Every structure is written in C-alpha cells, then in structure tokens.
Amino acid sequence: MTWTWFHRLGSPPYVYGLATRLTPWFAWPAALLIIGGLWGGLVLAPPDYQQGDGFRIIYVHAPSAWMSLMVYTTMAIAAAVGLIWRIKVAHAVAASCAPIGASFTFAALVTGALWGEPMWGTYWEWDPRLTSELILLFLYLGYMGLRAGLEDTQRADRASAVLAVVGVVNVPIIHYSVTWWNSLHQAPSVMRLAKPTMAASMLVPLLMMLLGFTLFFGAVLLVRLRGEVLNRERSASWIREIVST
Amino acid sequence: MSHFFGMGGYAVFVWPAYAVTLAAIVLNIVWARRALARAREDARRRLAMRGEGP
Amino acid sequence: MSRFGSPAAGVVVQAGAITRQSTVWAGSHQAPILDAARLALTRDLQLAFRKRGQLVQPLAFFAMVTMLFPLAISPELARLREIAPGVLWAGALLASLLALEFLFRDDAYDGTLEQYALSGQSLTWLMFAKTAAHWLLTGLPLALMAPLAALSLGVSAAAVPGIVVSVAVGSVALSLIGSIGAALTLGIKRSGALLSLLTLPLSLPVLIFGARATQLAISGGPLLAPLELLAALVVLGVTLAPLAAAAAVRISLE
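Sequence lines, in order, name chains P, C and Y. To get this note's numbering, take the position in the first sequence, counting from 1, and add 31. To get this note's numbering, take the position in the second sequence, counting from 1, and add 415. To get this note's numbering, take the position in the third sequence, counting from 1, and add 4.
If you're looking for bench data, these hints aren't it; they were derived computationally from the structure. Treat the hints loosely; a few may be bogus.
Said to hold, decoys possible - Calculated cross-link-like contacts (lysine to aspartate or glutamate; reagent style EDC-like; alpha-carbon spacing at most 20 Å): (1) P:Lys119 <-> Y:Glu258; (2) P:Lys119 <-> C:Asp457; (3) Y:Lys193 <-> P:Asp183.
Unchecked claim - Derived list of chain Y stretches under chain P, where covered just means 3 residues or more per stretch with a C-beta under 8 Å from a C-beta of chain P: (4) 182-189; (5) 193-206.
Here the structure is a predicted model, which means the values were calculated and not measured. Glycine included, C-beta positions come from ideal geometry on N, C-alpha and C.
Based on the sequences and whatever the hints tell you, model everything.
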C-alpha cells in the first residue's frame, strides 16, 4: 500500500498536481511561523547578557545557515535517487533546490559577517566554518553553472547529480568544523544532541524561525518543482490541461 | 520605539542583516513564480508547435 | 595533416589492444585490467611526448605566475618568503587546472574515450590510469620545479626536499579531484572557467594542508602532520575520484 504512493511520486502528472495542492499547506504555516518568530525574536526576547541587542541577528543568521546545509543535503539525496534509479522527478527536485540553497548560503555569509564585526571585531575570518560555508556557495554556483552549460536536459541532470553527490562531503565538514578545529565560530548551542544551552524566551522564536524557514523551503520547492517537471515532459495529454487553465 | 530601531547601538548591523534575509525570501518567491510561468509558457509553445495546443 | 591522422594512428593500435585484451581473456580468471590500465597510461604518455610544446605550457605558466608576485607585491625577499607557500600552491593549482582541460579532450574528440567505455574493461581503472598520466606529466614536473620558484622567493635551500614532497603529494590529489570536473565538463565549449569553478571548492582542503606543509618545510618545523593529512586526502581521492570520473564520462558520452 505504501509502495503505490511511492511509485506515484515518480509520475510527473501526479507530482505536478500534488505540488499544486500542497503549496498552500507549506506557505501559510511558514508565513505565520516566520512572522511569529520575528515578533518573538525582535520584540519579546530580552537582550543578551553579553551581546545586547546585537544577538538578534541569530534569528536570521541561524535559519539561513541551516537552510544552506539542509537544502544541499536534500539536493544531494534527490540527485542520488535520480542517478541510481533514473527517476526524472528526483532530478527535477534537485534542480529546484539549487537556487534556493545558493541564495540562503549567501544570506548566511552576509548575516554572519554583519554579526561577526561587532562581536569578534572582523567581518571575515578564514576559519574552517566560514571557509567551508563559502565553499558551499561555490558548490551551489558550480552546480547551477554546470546545468546552464549543458544543453541536453538529461545529461545536465545526470552530470550535476554526480557533482552534487561528490560535494556532499562538505556538509558534515561545515557542521563539525567548529568542534574539530579551534575556531572563532561558537560551538553549536542548538544543533546538539544534549539539551540546548539557550534561555527559553530566546530559544522559542529561534525554533519558530528554523521551522518557518524549512516550511518556506518546502513551499518554494513545490512551486519550482512544477516548472521543472513541465520542462522535462514531452507527452502532450496531461500538459494540455495544465497549460490551458 | 527608538530603542527598537536603535537595537541598543547595533542597528547598523542588525537591520541590514534582516534586510538581506528578507530580500532572500522575497527573491525566492519572485524567482520561483517566474520560473513556473516561464515553464508553462514554454510548454504551451511546444504544444502549439506540434499542433496539439489547447 | 589532419590531427586525427598519423599522430594518433600509431596509438590507436594500443586502444584496440585494450579492447582485444578483454576478448582474448574473457572467461579466464586473470585480471587483464591492470594491463589495460598500463596500456592506457603508456599511451597517454607517448601521445603527450609527441606534442612536447604542450607539455611545457603548464610549467611555463607556473613560472610566470610565481614571477608575478615579486613584481606586483614587493621584491623584498623577507616578505616574499612569508607568502611563498601560498604563491607556490596558487601557481600549482592554476597550472594543474590549465592542464586538466587537455585530460580528456583529445580522447573524447577522436573516439578513444568511447572505446574505453565500451571495451568491457573497468572504466574506473582506465580513469585512474589517465589521471596518473596527467600527474606524471603535470604534477610531478611542478613538484620538481617548485624549489626553483621557492628559491627565487627567498626560501632557503634546506627547505627544498620538504617543498618537493608536499607539492608532489598534494598535486596527486589535485589531479584526482580535477579529473572529476574535467569529465563532467567534457565537450562543453570554453569550459575553462566552469572547470575551475567546479574543481576549486573540492580542492581547497588540499590547498590548505599543502600550504601548511610547505610553510612548515620553509620554516623548518615538523611537517609530518599536514603531510599525513595530505596523504589521507590522496587516499580518499584515489578510492573515490576515478569512480566519480568514470560515472561522469559515461554520462557525458551518452
């Protein structure tokens, strides 16, 4: 029974319809969570003992950084699925992820620099976490560049899938770099298996933002996925209905 | 209120950070919708070229 | 004279030999793949030595890049000595990238790569052989040239062995990582910038550890630790890169 559902995910018309129907279920909760998280983080949360109001950048920096890693992992998994089982829809998912991930990696780097200047005294430092996050941005750009350089969609799908899988080794390096090397960047305070070390009034808005951004990614992915699925479809029948509405 | 905008002196860092992130969010929405519209247009054109249009 | 005429004709025989190996020994328990890999390696080396002019290009480029820094920054040897590891490695990386474009280009053009893919031999091993040839033609000469560049940057002669070893080991990793990008961008026109964009992120760890090792060689410190890390990256590359390159070549040839 569950396997029928899984097989249907390989069918482009089914996926297109599902994506259309699911988008609001991701978009509206995302909006509510982000707005709520912004309110909680900017207004309700008290200033930090050490960093004052400057710490509030965490409410945009941490979700952006989380997005950059999570989106790449999703992209790599989708790419691997498409490569191994030759499922076009999986390649469409991977292609949809890249621009989203790249933009939030950029946001993570910029917001991190803006946080670093008042807190550490420098906008940039070549320490492992920042450097590997920058590498991640180049991986996204390389992925998108490779896709753009290959005209044949099928070759572009498969070649960029190899690239995505090879690059996924960078993700654990970024996450664990702060523990493996002595780094300027603080040790993880939320994404650890032990209890987080933050106060609840500060933590709750952060969790809301993290979840909100994740759902936002889902919504944008679903919109992009529809376009990518259309681009890979040749047969006329189901497309005709879509296009005429 | 002015304290909110001043962010305890960190305004010049906090607000641009929020602005960049907001820009990323808006950009993603606009970009995705435009990509979908373009894909639909391309599909319509492909069908029309084959004479199977709606 | 057509470039697909006599220069390559003599070694097309070898490509045929690789395919013949698999038919002659099909059904036996022996592993003709090592012979096939050896044939691919010698073929690449032979072909490269026929175009000696092209062999020198990466080395000349490396020499010019290292020359840029004293002219652009400062001719003071004390300052140059400080930046020497970075200069050497940046030059080595760029020169290696330059040579990578030629790794698969000719073989893809004249159909040899397709022969490799169809030959029934392990494409992974053949990719490893080609990458080994690339290192012997680019990385190893760079490692031998690096001391000269280092001396011109004010580095003392005692550092020379350490420099040669660190660049030699690191350039193996660079060749391996680069082969993946070269295979992915096969046939794309003017792929130089894209190839760099794909290769650089993955080769930055090599750059970091390699520069550390060279830095320690210059300052006379113990360079065993970064050298071991570099060697670990090489081992990782040797196991994974030819596999990825083979997959990429198959995709590019489809």
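Results of checking the hints against the structure:
no.	hint	verdict
1	P:Lys119 <-> Y:Glu258	holds, 16 Å
2	P:Lys119 <-> C:Asp457	holds, 18 Å
3	Y:Lys193 <-> P:Asp183	holds, 14 Å
4	182-189	holds (count 3)
5	193-206	holds (count 7)
Checked against the numbered hints given earlier, this structure breaks none of them.
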